[in-house]
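Q: As a plain string of letters, each chain reads:
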Amino acid sequence: MTTLVASRPSADDALKPPKRRPIKSSYPTWFYIPAGVFYLVLFAVPTFASLYFSLTRWTLFDTEFIGLDNFVQFFSEPMLLRGFTNTFIYGFLTSGAKVVLGLLLGVFLTSQIAARGYLRSVVFFPVLVSTIGVGITFKVLMDPFDGLINSGLALFGITGPGWLTDPSLALFSIALVDVWKGVGIATLIYIAGIAAIPPEYYEAARVDGANGWQRFWRITVPLVRPATTTVVLLSLIGGLRAFDLIWAMTRGGPGFTSDVIGSVIYKQYQAGFYGLSTAGNVVLFVVVTAIIVPIAIWFNKREVER
Amino acid sequence: MKAKALRRNLTGAVAVLVSIVVFLVPFAFIVLTAAKSAPEASLLDLSLPSEWLLWQNVVDVMQTRDYMLVRAFVNSTVLTVTSVVLMVVMAAMVGYVLQRRSSRWNPMVNVLVLAGLIVPPAVVPTIWVLQTIGLFKTMPGMIFIEATFGLSFCILLFRAFVSTIPKELDEAAVIDGAGPLRLFFQVVLPLLKPVVVTVVVVQAVAVFNDFTGPLYFLPGSDNATVQLTLYNFQSQTLNQWNLLFMNIFLITIPPLVMYIVFNRQIVAGMTSGAVKG
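Line order of the protein sequences matches chains A and B.
Sequential numbering of the first sequence, starting at 5, is according to my numbering.
Sequential numbering of the second sequence, starting at 287, is according to my numbering.
No lab work stands behind these hints, which were simulated from the structure alone.
A quick note: this is a predicted structure, and the numbers were derived from the prediction, not measured.
Just to be clear, a hint being listed does not mean it is correct.
Sample of chain B residues at the chain A side, in silico, Cβ under 8 Å [as the list claims (entries may be wrong)]: (1) Pro-312; (2) Arg-357; (3) Asn-396; (4) Val-397; (5) Leu-398; (6) Val-405; (7) Pro-406; (8) Ala-433.
For each residue, glycine too, the CB sits at the ideal point set by N, CA and C.
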């Protein structure tokens, strides 16, 4: 009896280690190293360094510690502050428009309509065109006098506005182009989300007498929540960081009315105010994190609760 | 039933009409302007060119500033190919180990990956780091930057896809005597092919179209990429709208070809995460 009990673990010991060890070391931790080195040197180090450099007056030659002066300047100079507020307007406007339009287009392009394939590709195509190319094209199209948009409106007797020359309109015109270019991704994500909803739900609702409106609000909208999460987060991350489209279309003008943090960072960098530029980067970092992280957590929580 | 079919076709027709005005007219404008002579193009209208100068303009835009655009195409191709290869291999290794092996490092790695997706890169400090290691304004530096900034997105896709490959396969390979490198590169990586194609296409389009990266980290005309060339072209050659739009037209072709060939993979990549958050 005792010999039996004693002999068993020793037999296990002899068998197990050679069997287990190879499988575990088949997933070596050093596989993290190549990506880790790049990430550390070119992403993590600059990000942490930015926290220090944002507190300095930094020129090509030397750095001087000046405390929070850069941030004070950032929030007291109207031209810099305008970029800060514009970032929120631009981010939320483009993101909201992409969610609404993407969902509507998604529903429309999964319904039984003619020319569906063509419509899907044509909506998606602008996603692939370079942002600079789109920016230049629309800058020409939105020209107040020669532009195709205003001459098209003139055919209907409408005098089009100065899309990019009117200070109160420029940012919204760029946001419009951003939506034009980016709505394809949102639509695509919603199409995938809608296709994953079991058709039985719609049939059951129809049997119970739900009309199209009710089916949309009670079935489609709640069940495409994962798609909504993806669209909101992706478009917010992109919209808050926006730079290249704005730079190609107005360079933040007229004046600084269409500046966002992204373009302020570039302008200060060009002007040689590296510390101020980096402070802008830190502000952007805080803004993006403060908006994205709570939204991501909120969406995840709602998902778990269901 | 007939009324329903009629309505279906009618809404389809209206949608097609709207899509033409909203989406096709801008592209038609690009192509038509690119085919005109300089004086005609400067009218910036939607008329047909009186003479189609498509080929002539291609040659002209290529020759501008001592074949600048041709060199830019070479640079952009080198940048896109190498950075995408680098990022795919590195990200696949991380995504694979991250999914297969549960260790106390995992939560931290996951947070870092998400941080890489959300946190905007700090521009000037990155330049400072590049200068310190002597890679600022060099093509290798730009390649490394693009590879680094694309890592997080790729890792997320790879991690999700590795979970669909049965672990028994790894075990069988190990029993047959495969080491970790062989297991990964000869057994797992070939099975990841669908997601590799997705990642390659999506990231190639992103890197090729990237403007901000080269603007900051690769200034100067020696290594100019197509996006930078286009941007500079706009400010340098006034009143040559035909050549400007020919430039836009030409640099749209590579992503367009990618889209036509890999339509399905692009859609798969963009929509991953839509079905299950």
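Q: Holds or violated: the hint that Pro-312 of chain B contacts chain A, with Cβ atoms closer than 8 Å.
A: Holds: closest Cβ of chain A sits about 6 Å from Pro-312 of chain B, inside 8 Å.
Q: Would the hint on Ala-433 of chain B be counted as holding, given a Cβ-Cβ threshold of 8 Å to chain A?
A: This hint holds: Ala-433 of chain B lies near chain A, its Cβ roughly 6 Å from the closest one there, short of 8 Å.
Q: Would you check whether Pro-406 of chain B satisfies its interface hint, that is, whether its CB is within less than 8 Å of any CB in chain A?
A: Constraint on Pro-406 of chain B satisfied, holds at 5 Å.
Q: With chain A as the partner, please determine if Leu-398 of chain B meets the hint condition of a C-beta pair closer than 8 Å.
A: holds (7 Å)
Q: Can the hint on Val-405 of chain B be confirmed by a CB-to-CB distance to chain A that is less than 8 Å?
A: holds (6 Å)
Q: Please verify that hint: Arg-357 of chain B, Cβ, nearest Cβ of chain A, below 8 Å or not.
A: Violated. Min distance 18 Å.
Q: Quick one, is the Asn-396 of chain B hint okay against chain A at 8 Å, beta carbons?
A: violated (12 Å)
Q: Just to be careful: measuring from the Cβ of Val-397 of chain B to every Cβ in chain A, is the smallest value less than 8 Å?
A: Because about 11 Å separates Val-397 of chain B from the closest Cβ in chain A, which is outside the 8 Å limit, the hint is violated.
Hint violations for this structure: numbers 2, 3, 4, all remaining hints satisfied.
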